[in-house]
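So the protein sequences, as listed, match chains U and W.
For the first sequence, the numbering used here assigns the number 1 to the initial residue and increments by one for each residue that follows.
For the second sequence, the numbering used here assigns the number 1001 to the initial residue and increments by one for each residue that follows.
If you are wondering where the hints come from, they were derived from the structure by calculation, not from laboratory data.
Incorrect hints may have been included.
[Stated by the list, open to error] Examples of chain U residues lying across from chain W (beta carbon under 8 Å, computed):
no.	residue
1	M59
2	T74
3	I119
[As the list claims (entries may be wrong)] Here are the in silico distance ranges between beta carbons for each label pair:
no.	chain 1	residue 1	chain 2	residue 2	range
4	W	G1277	U	R20	44 to 52 Å
5	W	P1128	U	K64	27 to 35 Å
6	U	G120	W	M1200	23 to 31 Å
The structure displayed is predicted, hence computed values, not measured ones.
Positions of the beta carbon are idealized from the N, C-alpha and C atoms, including for glycine.
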Amino acid sequence: MSTTPVAAPTSERPLPIPTRESQPYWDGMREGRLMLQHCAGCGKVRHYPRPVCPHCFSMESTFKKAPTGGTIHTWTVCHHPFNFFFKASAPYIVALVDMDAGVRVNAPLRGVNEADLKIGKRVRLDFEPVNKEVTLPFFVSD
Amino acid sequence: MVHPLRETAAVSGIGETAYTRGTPKSGLALQLEASLAAIADAGLSPRDIDGVVPYFPGGGIAEDFIANLGLPDLKLSLFVPMGGATCVAAIQSAAMAVASGVCNHVLIAVGRTGYSGARVSTRLQQFPQFALAAEFEAPIGMFAPAQLYAQGARRHMALYGTTTRHFAEVAVVTRQHAILNGNVVMNKPLTVEEHHASRMISDPFRLFDCSLESDGGAAVIVSRTDRARDLRKPLVTIMGVAEGHPESPASIAQRPDLLEFGLAKAAPRAYDMAGVGPRDIDVAEIYDCFTFTVINQLELLGFCKKGEGGPFVMDGRIGLGGELPINTHGGLLSQGHVVGLNHVIELTRQLRREAGRAQVKDAEVGLVTGYGDMGDGSIAILRRAA
Ligand SMILES: [Zn+2]
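Generate coordinates for the entire structure from the input sequences, incorporating the hints supplied.
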């Protein structure tokens, strides 16, 4: 796990600080692709990116483009902005999604009413560039 | 075979400061004030302390204890980096230290300025174990434990029919208990309606589902049982103690079952060590960072089946005089937030029969849990051995 220090809190948008392990994931985001880490030894997918496969202990891996569909595992609706950056968008839904690719992704779900939320609902991941380097994921109804 | 740690260590001293919102004192000063109170409660001198486990971050480190308390020969300095599971897990570490003969008296101490100092959204990122959350979840607007745990609560509701009425019951009963204790932040009654009308934080959690931000200090001393027997207060022994770590420990999102965490592994081990089961527990102090967290833990502790925690808390069952009184001091929800060391203090008081108006009649055996850091768990089972 990275121990990169995180900057002091401000009202600025919190942004990811990629590590040597996670850089290909964030590069993929920037290019509009969901890139997931696969073990070169046993082929299993893992997320979030890390150096060793917990199944076969191989340290070799490759990143492959993954399908962007999935189903809602659970969700929350964030009302209180713990970081002031999010004050403008609150309340916003964050869906935890079982991706068809076999991992979970947590991201905002847009264009869906709270009343229509349910476990198993199909959603699709999309990409939102926030600056030159960083693109973040979000979900829309599928 | 009896486990070698079973009842070889005891909680010999307890101490706490006033729990407030606002203090001119530093976290270190609060931690030391509580430590001196715990040392006096045990009838020891600060010179007798030869092991320290400070809660980090928030107060001081071992060096501060040596410098302030004049400790002549500190033999053990530990951090237990498990967030809200730290304090109860520290009891296991301390019990091991005294049982092995490395130490005689280990001090576990918390000092926190959660209200007047740094708030939750800033603290999160001081922990290396939250690096994954900082990288992958904070940028998409999932920041605070209230948000991260809300997803588990929502899933429990969807799968098992748990409702916010169940959450409210935990908040209301905990407040009733707090009112019986003179040293609490929240001392006015709370109704179900007030709970339901409180502002939404992160659905399904409302304000009164969330623990307090407060200032305060708490301390506990763990001694070898043969030494504790001769100290000031009735003997309270550690029958069983354990910590547990979940799958995907730094990310709830990637955990196969969001509702299974470290306590699921720790609880059976602690019961086994203690030689007791859920039916033997007279009183339970359950880490209550959120109302739902209590419901979830009651299931993992075996008081009810998975999914039945909501109905379990109803009908007076968890109140004083009920089948399983919980959080008899007011917990993190209503007393104060010293990372659950106040839960250990309260259980010790109950077993010493010092709990005043909140005393559970004839309490002989009780348990206390810790929960934190995205799902680490800890549990201690204590017994009145006096
Ligand atoms: Zn592998």
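Verification of the hints:
no., hint, result
1, M59, "violated (19 Å)"
2, T74, "holds (4 Å)"
3, I119, "holds (5 Å)"
4, W:G1277 to U:R20: 44 to 52 Å, "holds (48 Å)"
5, W:P1128 to U:K64: 27 to 35 Å, "holds (29 Å)"
6, U:G120 to W:M1200: 23 to 31 Å, "holds (24 Å)"
Comparing the model with each earlier hint shows a violation of hint 1 alone; every other hint is respected.
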